[in-house]
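Asker: So the chains spell out like this:
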Amino acid sequence: MVSTFHGLEVGKRGLMMGQARIATTGHNIANANTRGYSRQQVNASTSPFLNIWTSGTVNPGQLGTGVSLDSITRVRDKFLDGKFREQYAKLGEASVKQETLDQLETIINEPSETGLSSSMDQLWGAWQDLANDPDSLSAKAVIKERAQAFIDTAQAMDSAMTGAKADLDNQLTAKIKEANGYLEQIAQLNDSIKRNGTQANDLLDKRDVLVEELSKIVDIKVADQTDGTYKISLSSGETLVDGSAVNELATVADSDPTTTEVIVSDLVGGELSGILKSLETVDEYQANLNKIVNDFVQANQMSSTDPNVPGENLFSGNTIASLKVNPLIESDSSQITSLIPGNEQKYKSVNNEYRALVSELGAESQTAIRNVANYEATLLATDSRRQSITGVSLDEEMANLVQYQHSYSAAARMISTTDQMLDTIINRMAAR
Amino acid sequence: MRVTQQMLHQNSVRHMNQNLSRLEKTNNQVTTGKQLHRPSDDPNGVSKAMNLKSALVANDQFERNTNEANLWLDESGQTINEMVNAMQKVRELGVQGDSGTLSDSDRNIIAIEVEELTEQIRQFANSKVNGKYIFNGLKTDEPPYPNKNSYQIDTFDTSAKMFTIADGVAVKANVTADELFGNAADNTNLFNTLNLLASDLRSGSDIQMDQIDKGINRMLTVASEAGARKNRVEGIENRIQDSNIELKSMLSKLEDANYAEAVTKLKSEESVYQASLAASAKIIQQTLMDFLR
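The listed protein sequences correspond, in order, to chains A and B. The first sequence begins at 0 in numbering that gives the first Met the number 0 and counts up by one. The second sequence begins at 0 in numbering that gives the first Met the number 0 and counts up by one.
The shape of chain B in the complex, shown without the other chains:
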């Protein structure tokens, strides 16, 4: 084939351009650390990366939700523990008051102590987390037992407070007043029991220990349920964290440039470019003219 200067020139320019553009692309990968910049770099990869990113954002949200659920369950559990402790004291007082050797004034003093503990339990029932009443269903801005006699009619909300902790998985993170203390209509209602105890102490009637035990048992049952739910939330929390690591490493594989590879490639593209410059410089200036006389 006949070769002309213009061909040499055109081809040299074209090759230098091609090499420079490859150098630029590799350089881009090294300086940004990413190998995906636009959808055409890898249409399927970009779609996958977007999916993983959405999953990561959702996971972050689930993680925040599990933290919140954990907080509620923790606080509920601890408060119930305190209430159980108070009830143990009530039980001791009940046993003490049940013996026939006590005087009226002694029993009166015990009754006053029981009333104090009742008030204490009512206050526990009105506990708040982050300014929210935790035992009042979804009406978290109102206390379930605003005053001493509120237990006589059900004013509290019994709705479940749900947190979405995984795709399609919602968990109930609250304990409601009726679960803990019983309804107003229920004669085993804890406040009813406590009020009865105080009046029985004062009147010297028989103390109904089984009612007190029932109250304690109900609290313990609710506490263990809450504990079980907390375990479940923690399990899911661990799974979310594991899956986060997994998702991030998948995303990184898709999206991030492999530095060792990218830098090596940059070096080699650089030398290819230099070679093309050197070759062009050599070939373009030569003509027969250099050798004629």
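This is chain A alone, in the form it adopts within the complex:
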């Protein structure tokens, strides 16, 4: 036979379980909107049984002793976590590239009435007016002004591109700093988790949020280790975090021999690689623009009064930054003579070059916009699938709460029933 107080013990275990479940439900509800929170569940099993005598069989009967609380775990899908991080890195890279191309489109400012194309057309028109009336001082003055307008437009574009590169450089530094901050915190959490055990749910959530943020900046591989810590390395193999040890990211090697760095190359993926590639892109467009401007300058060679001497050019300088109206003309626009014959073709080919640049940029930017949209869609799909597993559903928690409340009440009733039983035995049987 079992102990007299067995019923009280069973009831108490039910109460405690009810309490743990209600508390966990409360924790879930409270964190329904916490970023990176994964819902927690109480895992229970029946507590060890007691063998008791039963008639009718040689085997003993097994009397239940109630419930026992095994663990409180978070509901999480490692596979989807990995997928999410992988896609987040792709989106990070694509977004930075798209933003840069968007900025370049704004700088190029086409189609417009004020862009480089229209200033080239206007200068061509001014040359034609001069051809109609070769001695006209006003036509010459117009050419000088149009030339200055072209220079202003080209230089504004060029310096905006230089500005864009400086911005990207700043972003690079800021992103590396951000990533290093995450690495530091992840290492600290690794340490805490190692000390608090592998069921430190809330710490695990916090660490996963940080790992996700890191994955947007660089493409990483995450390995679970037996002590609960993560080993994080770049997709190219270099270790960033191993337990509480950190290798920081850097653009150049540090002179301090006590620290180690991983030098950022274009293999890192994520936003960092987006920034590095964007720097190359802006450089390319700036070089192309420089070439176009240089070709345009060639198209503005003037004829000389002496056919054996090459004439002056309307412009001087061969880079955008050094471009000027020829000082000879700047001080005296009557020095402008006609264009050398055949320049119409040069003008046309520069126009074509520039148009090609604009449509190349347009196509590249269009592709980038589509890429971002696609990566965003896949990331959202993965996130939805993950949310569907780990997210808190308030309806579900409410339903659970009602269910747990009832079982708590029932467990309490179990205790009062046992109490009545004991009352019968102790008070009624004794009071004779």
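Be aware that a few hints might be false.
Stated by the list, open to error - Calculated cross-link-like contacts (lysine-lysine; reagent style DSBU-like; alpha-carbon spacing at most 35 Å):
#1 A/Lys143 - B/Lys33
#2 A/Lys345 - B/Lys138
#3 A/Lys143 - B/Lys127
If you are wondering where the hints come from, they were derived from the structure by calculation, not from laboratory data.
Use these hints to put chain B onto chain A, whose structure you have.
Answerer: Frame of chain A; chain B shown alone:
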């Protein structure tokens, strides 16, 4: 699939955002009237639009050039007409002076009249358009015949004044003094003929009518050439205007928003956005809590 409040919330926000951004894009098209704003809207279209714009600017220039060429040819033609009229009078005077019945003083008077007409023709030869001497080649700031005897040596410029009136098409818009009057070395030089006529009248020698006729014929030939060139310029001018209309309509097709379509789209995007707002408002606030006790 398990659905959570956060998912609902995230998706609602995402959809509202997407709808609002489409609404914004359509609104942009309606308010600016343009469907191309940046190269990525349509890379090929933008490149085409830029090309058309350059062609339009070039056409504007060609149009200005044809106007200028027309002006020169018109003025030259009219001046030549005046000169031909003067020469007809000279011819009449020549015929009059050729009859043997005239007295010396009569012939003298006729000679003076011829000299007057000669001066008149010289002045026509020094005609200006917009302050430019039209019969002096490219030296338009100097008169071809600054004084009575200038015809005796060729001081004038015989260069062609060209106007570019279409891609790679240049037309000569001037008539030069040598074409009209002949070189100094040429004994049929008009001023030479006229001077000879005056002295023949005075001396009572035979009048060389064929020389006068040759002079008139040369002027008429030059005038008809100028007329033919003017026709050609006008033809090209019409073509430029036609092509302008064509280019503008192509540009408009590429660049301009179709209002009917854009406004309809705006309306429909608006209702889609409103629907997404209404749906989100309905779904986000509901939980089981509303129905529990």
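Asker: Indicate, hint by hint, whether the structure satisfies it.
Answerer: How the hints compare with the structure:
1. A/Lys143 - B/Lys33: holds, 33 Å
2. A/Lys345 - B/Lys138: Measuring from Cα to Cα gives roughly 29 Å; hence the hint holds.
3. A/Lys143 - B/Lys127: Holds, at about 28 Å.
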